[in-house]
Amino acid sequence: MPIEITMPRLSDTMEEGTLLHWYKKVGDVISSGDVLADIETDKATMELQSFDDGIFSKIIVQEGEKVEIGKVIALITEEDESPAQEVSETEPVQEVSETEPAPTKQDYEQGMTISPIARRLADEYKIDVHNIQGSGPSGRIIKRDILQVVDTTKETSSAAATTKPEEIIQPLVSEPEVVATSHSIVSIAPWRENRSEPLSNMRQIIAKKLVESKQTIPHYQVTMSFDMDPLLEIRATLNKQLVSSGVKLSVNDFLVRCCALAMAEHPAFNASFGGDCIYYHGPVNVGVAIAIPEERGGGLVVGTIRDADQKSLRAISQESARLSNKAKEKGLSMEEMSDSTFTISNLGMFGVEHFTAIINPPNSAILAVGAAVEKPVVRSGELVVGHELSATLSLDHRVIDGAMAARYLKTLKDLIENPASLLV
Amino acid sequence: MSERIIEFREALCEAMSEEMRTDQKVFLLGEEVAQYNGAYKISKGMLDEFGPRRVIDTPISESGFSGMAIGAAMRGLRPIVEFMSWSFSLVAADPILNNAAKMLYMSGGQFGCPIVFRGNDGAGGQLGSTHSWCIESLYANVPGLKMAIPYDAYDAKGLLKTAIRDDNPVFFLESERLLSITGHVPEEDYTVPFGQALIRRQGADCTIISFGRPLYFCQEAAIELAKEGIDCEIIDGRTIRPLDIETMVTSVKKTNACVVVDQSWSFASIGSEVASQIHRYCFDDLDNFVHRVHSDDVPTPYASNLEQAYLPNTRKICEAVRGATYNT
Amino acid sequence: MDKLDTELKKTCIDSRHLQLEKAPLPESGILIGWLRQMLLIREFEVRTMQAYQNRLIGGFCHVYIGQEAVAVGSIASLNLDDPIVLAYRCHGHALVRGMDPKYCMAEMFGRIGGCAKGKGGSMHMFDAPHHLYGGHGIVGAQTPLGTGLAFATKYEDEVLEDGKSSHVTLCYLGDGALNQGAFYEAMNLAGLFNLPVIFVLENNRYSMGTSIERGTTMANELHTKSDAHGIEHAIVDGKDVLSLYQSFKSIVDWCRTESRPFFVEAQTYRYKGHSMSDPRKYRTQEEEAREDEVDCIARLEKFLCQEHDVTPDGIKQLTRQVKTQVREAVEWAKESPETPMEELYKDVYVDHWGPFTGTSKPQMMQDEPQ
Numbered sequence: 001m002p003i004e005i006t007m008p009r010l011s012d013t014m015e016e017g018t019l020l021h022w023y024k025k026v027g028d029v030i031s032s033g034d035v036l037a038d039i040e041t042d043k044a045t046m047e048l049q050s051f052d053d054g055i056f057s058k059i060i061v062q063e064g065e066k067v068e069i070g071k072v073i074a075l076i077t078e079e080d081e082s083p084a085q086e087v088s089e090t091e092p093v094q095e096v097s098e099t100e101p102a103p104t105k106q107d108y109e110q111g112m113t114i115s116p117i118a119r120r121l122a123d124e125y126k127i128d129v130h131n132i133q134g135s136g137p138s139g140r141i142i143k144r145d146i147l148q149v150v151d152t153t154k155e156t157s158s159a160a161a162t163t164k165p166e167e168i169i170q171p172l173v174s175e176p177e178v179v180a181t182s183h184s185i186v187s188i189a190p191w192r193e194n195r196s197e198p199l200s201n202m203r204q205i206i207a208k209k210l211v212e213s214k215q216t217i218p219h220y221q222v223t224m225s226f227d228m229d230p231l232l233e234i235r236a237t238l239n240k241q242l243v244s245s246g247v248k249l250s251v252n253d254f255l256v257r258c259c260a261l262a263m264a265e266h267p268a269f270n271a272s273f274g275g276d277c278i279y280y281h282g283p284v285n286v287g288v289a290i291a292i293p294e295e296r297g298g299g300l301v302v303g304t305i306r307d308a309d310q311k312s313l314r315a316i317s318q319e320s321a322r323l324s325n326k327a328k329e330k331g332l333s334m335e336e337m338s339d340s341t342f343t344i345s346n347l348g349m350f351g352v353e354h355f356t357a358i359i360n361p362p363n364s365a366i367l368a369v370g371a372a373v374e375k376p377v378v379r380s381g382e383l384v385v386g387h388e389l390s391a392t393l394s395l396d397h398r399v400i401d402g403a404m405a406a407r408y409l410k411t412l413k414d415l416i417e418n419p420a421s422l423l424v
Numbered sequence: 001m002s003e004r005i006i007e008f009r010e011a012l013c014e015a016m017s018e019e020m021r022t023d024q025k026v027f028l029l030g031e032e033v034a035q036y037n038g039a040y041k042i043s044k045g046m047l048d049e050f051g052p053r054r055v056i057d058t059p060i061s062e063s064g065f066s067g068m069a070i071g072a073a074m075r076g077l078r079p080i081v082e083f084m085s086w087s088f089s090l091v092a093a094d095p096i097l098n099n100a101a102k103m104l105y106m107s108g109g110q111f112g113c114p115i116v117f118r119g120n121d122g123a124g125g126q127l128g129s130t131h132s133w134c135i136e137s138l139y140a141n142v143p144g145l146k147m148a149i150p151y152d153a154y155d156a157k158g159l160l161k162t163a164i165r166d167d168n169p170v171f172f173l174e175s176e177r178l179l180s181i182t183g184h185v186p187e188e189d190y191t192v193p194f195g196q197a198l199i200r201r202q203g204a205d206c207t208i209i210s211f212g213r214p215l216y217f218c219q220e221a222a223i224e225l226a227k228e229g230i231d232c233e234i235i236d237g238r239t240i241r242p243l244d245i246e247t248m249v250t251s252v253k254k255t256n257a258c259v260v261v262d263q264s265w266s267f268a269s270i271g272s273e274v275a276s277q278i279h280r281y282c283f284d285d286l287d288n289f290v291h292r293v294h295s296d297d298v299p300t301p302y303a304s305n306l307e308q309a310y311l312p313n314t315r316k317i318c319e320a321v322r323g324a325t326y327n328t
Numbered sequence: 001m002d003k004l005d006t007e008l009k010k011t012c013i014d015s016r017h018l019q020l021e022k023a024p025l026p027e028s029g030i031l032i033g034w035l036r037q038m039l040l041i042r043e044f045e046v047r048t049m050q051a052y053q054n055r056l057i058g059g060f061c062h063v064y065i066g067q068e069a070v071a072v073g074s075i076a077s078l079n080l081d082d083p084i085v086l087a088y089r090c091h092g093h094a095l096v097r098g099m100d101p102k103y104c105m106a107e108m109f110g111r112i113g114g115c116a117k118g119k120g121g122s123m124h125m126f127d128a129p130h131h132l133y134g135g136h137g138i139v140g141a142q143t144p145l146g147t148g149l150a151f152a153t154k155y156e157d158e159v160l161e162d163g164k165s166s167h168v169t170l171c172y173l174g175d176g177a178l179n180q181g182a183f184y185e186a187m188n189l190a191g192l193f194n195l196p197v198i199f200v201l202e203n204n205r206y207s208m209g210t211s212i213e214r215g216t217t218m219a220n221e222l223h224t225k226s227d228a229h230g231i232e233h234a235i236v237d238g239k240d241v242l243s244l245y246q247s248f249k250s251i252v253d254w255c256r257t258e259s260r261p262f263f264v265e266a267q268t269y270r271y272k273g274h275s276m277s278d279p280r281k282y283r284t285q286e287e288e289a290r291e292d293e294v295d296c297i298a299r300l301e302k303f304l305c306q307e308h309d310v311t312p313d314g315i316k317q318l319t320r321q322v323k324t325q326v327r328e329a330v331e332w333a334k335e336s337p338e339t340p341m342e343e344l345y346k347d348v349y350v351d352h353w354g355p356f357t358g359t360s361k362p363q364m365m366q367d368e369p370q
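Protein chains in written order, with the numbering used here: chain A, 1 to 424; chain B, 1 to 328; chain C, 1 to 370.
Hints are not guaranteed to be accurate.
Claimed, not checked - Heads up, simulated BS3-like pairs for lysine-lysine below, C-alpha to C-alpha not over 25 Å straight-line:
#1 C:K272 x A:K24
#2 A:K311 x A:K240
#3 C:K272 x B:K25
#4 C:K302 x C:K334
#5 A:K126 x B:K253
#6 A:K375 x A:K410
#7 C:K164 x A:K24
#8 A:K126 x A:K311
#9 A:K71 x C:K302
#10 A:K66 x C:K281
#11 B:K44 x B:K25
#12 A:K328 x A:K311
#13 B:K25 x C:K164
#14 C:K272 x A:K71
Claimed, not checked - Which bits of chain A does chain B cover? Going by a derived footprint, with three or more residues having C-beta under 8 Å, they are:
#15 216-223
#16 227-239
If you are wondering where the hints come from, they were derived from the structure by calculation, not from laboratory data. Nothing here was measured: the structure is a model prediction, and the numbers come from that model. Note that beta-carbon positions come from the ideal geometry of N, C-alpha and C, so glycine has one too.
Throw the hints in and build the complete structure from the sequences for me.
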């Protein structure tokens, strides 16, 4: 059986070698230790020495050839044997490397974060987290927020049973007795102390939207005063009739209907700037700005009264009230807060006479409504006491020109000062 | 049971002496441990009792005498090697990590290394940056060694006895700042097991996990936070390897908030390890990510005001707990 | 042969202050045993190289070819329970100490049958029953361990058993270790504490590719380095097992009685590279040829034929026996199963905790009577 000389591994990183030069030729007598060849490795040129005695009988790999380690390169026959016949190929073992599957990317809901324990508690208590404003950083919903909703007090100590015996060794420092705490209000910082409060989710959104609005939309304002007496009178009459049904019409409800109806003649007010076009919306959805009380986190949201031009005063009123209450208690859903095409912001209930508002993108206009003030007015050339209301439109000049604005306000005036027309 | 109040250093001395009395194979070596009675007077009186063959003064030669002790341990003796400071162990890192920790494995189970390395670990005495090392985060990474870090006199004695009786190499971390604190230590023989953390203070709002000297800062922080209505649970890990993560996890599942206080620097530290394990086992129970308190990521300064600010002090712990519990 | 004669005729050891007479040679049976040991080492190391090139052995591999006389002659002067500790060129010493070559080969193959269950490798030969304390990879790291082993035997003999120190530890190191601080600390402690450890410097004149003159001060007087620690030193011819044994025996006996350390420089040569990937370009072919002429095995063979009625046929028979033994060892190692996965977490700690599964002894210790 001939002895196979294989390409040796001459360094720990060597994968293949080049046979540079054979020192022996076929027929030479070989002793253990004789140098057979020079082999070039990845690191250096090394000598190949024979481990066995015999006769060099066959060269398989020629000078200059490069082969993988383990491959047979020559044969030696032992002294009492005939020269080589078959050569067996030894295949070096292939390494199979497995690639790990790439991790899948998680989907996150835009703008909403919630801590793991809060999520768990919300599931446990079946609370819809969409209605919660988180008090954690960036509006993160945290355990306290859920528990506030649930309105339970957490118990201290004993909670989970431990598997190990609990030894409590007296601490070296004395301490007051441990009290059970409830997760209620954050301690209010004493005044005169500098402090910073991280933005709630809502404030972040407000900040972003309004900066965007002011930076991208060329705002201008147009103001008009309206004689409110006819409207106030009809309102009082209607409210008396509606007492039994629990509906109470507000001035704002009338204004919502007026603004909505006015859109028919002035479609630009129900449009959005589309970059290279004006996009006219089909439905007339009037957004009403609702202020959230400080205790609930503050800020404002815009609730949408959909198809305001199709709804009766009564329906508008009910919807408006519903949105306002829900916003202040639980918070509005995404659907309730989106798709408005025109917005009304009313500070009249606070006594504000006049102010300007920032357009709520992608609207093209917003009506800032003040209080109906009792003041001396001129009617038919005579000085009388009447109720006047000042309202200011803020407009996107890319969509609505000054003249268009003036005409809209004229239409609005006609509707407001002739409120009977609202009934049809 | 009446209280027997002794110092932390006396507790260490008792542990070593009692073990040396019962097992002749135990002996102590290190710089100044014999005639000087110990650089920090921990081995006071031991030379008189056990003689110079068993309480041995070494030259300043940490690498050499650590290796020598390890060779002796391979034969079955049970040396206790005192480093005057764990800061000096760095020159002996090769023998203590490559030989002691790996001997059993490399020899295929033939030779163990029942050795204890002990010394002062940590900063606070204005000793400067080269003498103020907290080596736990460097060495705890290595499998094959155990690591213990006592909080008070009771644990000092109990843990050191366990370390001496343990057949594996044990790194025992004392603190020069704690040597004089006193506590109750029972007369009778007792040990404190490895791998069993202790709840030092029960609480509901936030779990604070720590080891060794920083626990005292944690206790102070807990008192202060209690005034703000934040109730802290403090867990003393006691041993770093093995780590009793179960006790810590049980606590965090209860409080939903966790702060880890580790006196070493923060990068790749015990704090990162514990925090990582808490995140892993308590992922669905956490209200906030695990907050960590470490010494500042700078070499230890000498100036007293800088050093005190640098340590994982009460102020930092309070801030971290407030952060973890959304009370900032 | 002249050099051999001169060496043999010397009756004293070249030592610093001591007048130590060389020990007499043992009888021929033992000397033939030494020849067999040296042949075994050589054949074993040749097949180790072959196995490495055939990818059966991985990582670092350092063979002892050319230096056999040092291991054989020095270990022959010890008692069976004297501790030995080595650097990483350790196969030869392990075989001489009594490790069956099959466990040694299996260890390098990374099999469960290996002396360290395949978890140590070529550099980490351990043999507890034969008092072999490793096989250590970090240069010089074994020297404090040697001091420690001597400390331990002295402690056991004198403190635990109330007797007199009666063991000697042999701590082998290469010329490269002379540049490591740990060695000087080890010598200082040994000298200070009067520990019976003999530091055996196997000076083969090269640390990897760096010749001794390029790396060490006093390169031609290495043995005098122990003067700095007040430790006795001697030089012996590492290529001549006979005179080496005679010197070593006296030195070992002296250390055993006096419980003092010693530093012996054995001048030798390794024929192969530092390790398997070394092309030896830092030495000339002339130098290698010259060293080859004074091969320790050839010298002993010549001596035995001349002085002890050993025939060339007898030597051939011995050679064949050794070749067979090594071949069988290689086959056994190939058959030995791969170290199983459960060994991964074993022997990390003595006890079971966490993922760690305690410790168990290798097959070598279970097979052989203790």
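Task: Earlier hints that do not hold, by number - done: The structure breaks hints 3, 4, 7, 8, 9, 15 and 16; every other hint is satisfied.
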